[in-house]
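K.L.:
Add chain B to chain A, keeping to what the hints say.
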Amino acid sequence: MTGADTDTMAISRRGLLRAAGASAFAIAIRFDGAGAAIAPASFTPNAMLSINAAGAISLSLPKTEMGQGVYTALTMMIAEEMEVTAQSIAILLPDGATGRFGKVTQDTGGSTTIRECWEPVRQAAADARGALIAAAAAQWKVAPGECSATDGQVIHAASKRALPYSALVASAATMKLPEKTLVKTSGYKVIGKPQHRLDSPAKVRGEAEYGIDVRLPGMKVATLAQAPVFGGTLDSVNEAAAMAVKGVVQVVRLPDAVAVVADHYWAARKGLEALSPTWKDGTNATASQAAIMASYAKAAQGEGASAMAEGGLDAAMMAKAMAGATKKISAVYEQPFLAHATMEPGNCVVHVKDGGCEIWTGTQIPGSARDEAAKAMGVPADKVILHNRLMGGGFGRRLEPDYILRAIEVGKQVQAPVKLIWSREEDMQHDLYRPFYHDAIEAGLDADGKPIAWTHKITGSSIMARLYPQYYKGVDADAVDGSVTTPYTLPAQRVEFIRHESAVPTSWWRGVGGARSAFVVESFIDELAHAAGADPIAYRRSLTSDPRTQAVLDMVAEKSGWAAPAPAGRARGVALIHTWDTYMAQVVEVEKHPENGVKVVKVTAVVDCGQPVNPMGIEAQIEGGVIFGLTAALFGEVTVADGRIEQSNFHDYRLLRISEAPVIETHIIPSSQTVGGMGEPPVATIVPALANAVFALTGKRIRKLPIAKVLTA
Amino acid sequence: MTTVNVNGVDHQVDVDDDMPLLWVVRDVLGMTGTKFGCGAGLCGACTVHIDGEAQFACQTPIASVGTSKVTTIEAMKDSPIGKAVQEAWIDTDVVQCGYCQPGQIMRACAMIAKSPQPTDAEIDEVMYTNLCRCGCYPRIRAAIHKATGAGKVAA
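Residue numbers (the numbering used here), protein chains in the order written: chain A, 42 to 754; chain B, 7 to 161.
If we strip away everything but chain A, and leave its shape as in the complex, we get (with noise of 0.2 Å):
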């Protein structure tokens, strides 16, 4: 026991002190290579921690952070199984590189990111907790499954002793690791228990470093100008006049882009408008809203593929079951492209040198991006590095290395590092947008009004089959989520996708597919509801017997006065998920507005996500969510004029203000099931609670989108 008994301390909380470092509340948020957090490491555990000498804790976080709050959550996760605090905790947002986390993956988005951490990220911290207590087993001489961590420190209750980790993290780091060390399924410290955001301090003293914020020695700044027609090229520049703005230093030609090299952005924008470039526009020239929608509506007449499970009902047996049918409805629902119009414009650094590349920037897939860097640049993926920062938006927008794969276009030509910034403009016209989609749904009734047959064929973009060309097979799994598998009790229904496509580019949206079926199927059960003159609460919990999903009915019933009348002008809508894991109903209370048509007052959200995780991040999501999915429910819209995007700017493409805003009320159901996902739900239940909503209020139907033009035409 050499040393054992003079680092043998009472069991405190000086251990926990210990291990929170000089710092009880980190401002600073860091990133690799630069003021790294806490080297050097006594003890790395694995890939996601280390522990310094002086017990103090670094979490490389595996996901990427663009406001939805992973930051914190994670570090909860960690904290819970570490037994520290989370804000004891020194958090790194790392560098990207496929693999560096093992199953986890850096890609975040479509609300897997506590879906797919729980079980790793709660391991690993278990892994390093084991390893700690073995160091002090071995110290004492007892058997590791005498002793417990607490507070930063390992405890052998028995003997009431006690090692801080700054003791244990030498010999922890010589010694074989222990087999899988159990994670918690109860007791959370941490867990479950509201925790203030951990990146507010730096964010509200605008110490916080976005991908724009980078500066380099040295560095350029750059703007540019992209074809304005999909697909159209590069045709003139006018170089001498652009060179001639002081500050300009270089012009790029690419095939279907130009840029102006500057010394700052003023200067580059500056330089790009005496540049005044022309295109030849290429074949999607004469591309029009009208065009697309009605070839939208043509491509929707043919025969999709089934998207049930083992192909489903066939037509024949669909028609069987639909014949017997009381009374039949069907629908036609659209939504429109939308812009992700993240407040961050798109931007990154880029220094080509050495033979491969420096990247910075803020994005959802540091890994993929780099690989997609490293493909660009014809070099192996070490050749690149590629420095993740924080995000001012991502909504799906930084899924895409577009604009990292556009920086390296113009850096290739740059002799200096240099910093890419796309206008507002350039950001909304050159997005990859939400899909434009088709629906066309009809129920058979029965004599109750209960749906006996359901048919339901989407027509849009796949994403899927642009990304993953090898595994698709007729069936966008993304587009037809949330239609597939309902809330409800479906006894016959068959699920068609048909894939088309038009010269406007698609990528994911907050919501993904789970918020475009949420609209179809939320809107056309409101519809049967009434056919059937049934409440649309007592509805929907008529038609489900899964008890989790009529306990957020329930809640949302109580806690809305859904049983008393709407007050005088104001009216209610409802609407119900069961996708990403996680069950959400809200209700949404509306009146009439002279401007919009409408104005939500009021929407109380219940929520069953399984084990929550930060209380107050759950709030935050679902706020937020509500507040992003009723810019799009009311005035999102991205149309073609000409074969390129008529929107611009704020002006042009309307979001919600503050003063628009509704009071929103949101209610966790304490659950310890399985973690459900929170980004996306919030954003998928508003838009039918909205527009079912919007039909309580005037009798108008809303079948298309954005519900302000509709009501105000």
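Pairwise CB distance ranges, derived in the manner of DEER restraints:
#1 319/A - 72/B: 36 to 46 Å
#2 139/A - 84/B: 41 to 51 Å
#3 279/A - 73/B: 36 to 46 Å
I should point out that these hints are in silico values taken from the structure, not numbers from a laboratory.
Just so you know, even glycine gets a beta-carbon here, dropped at the ideal spot from N, CA and C.
P.N.:
Relative to the frame of chain A, chain B by itself:
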């Protein structure tokens, strides 16, 4: 050469007269807390104070600033109102991505300087100009009330 006073310090900058204050602050002075959002006065991400008034830095040519005093988010932690507002923002968990928040905070602070306990209607009227894509509006409102309630802000 133009002289511009930012956060109490005079800076000499060699730029065109039409260069917006936003880019002088960000690209020339290297203070990146003030954000670029739209370049058109439509989103408020670039909000700074000019002689105490909230202004869009992206719409303010440097030549128009003259001898006025510019204050940016970087200096707000040193002012009583700024400190109270930032603390309320943290306590209320306002931020998500955080990109618009320097602008939101600058506009809120200018409002509070004139109206120490703004009503909901005043908040709507003043904060209307600042967009937040993450949808933090209910918490912005709550944080303003928190910062200005119970005499938290020094007069």
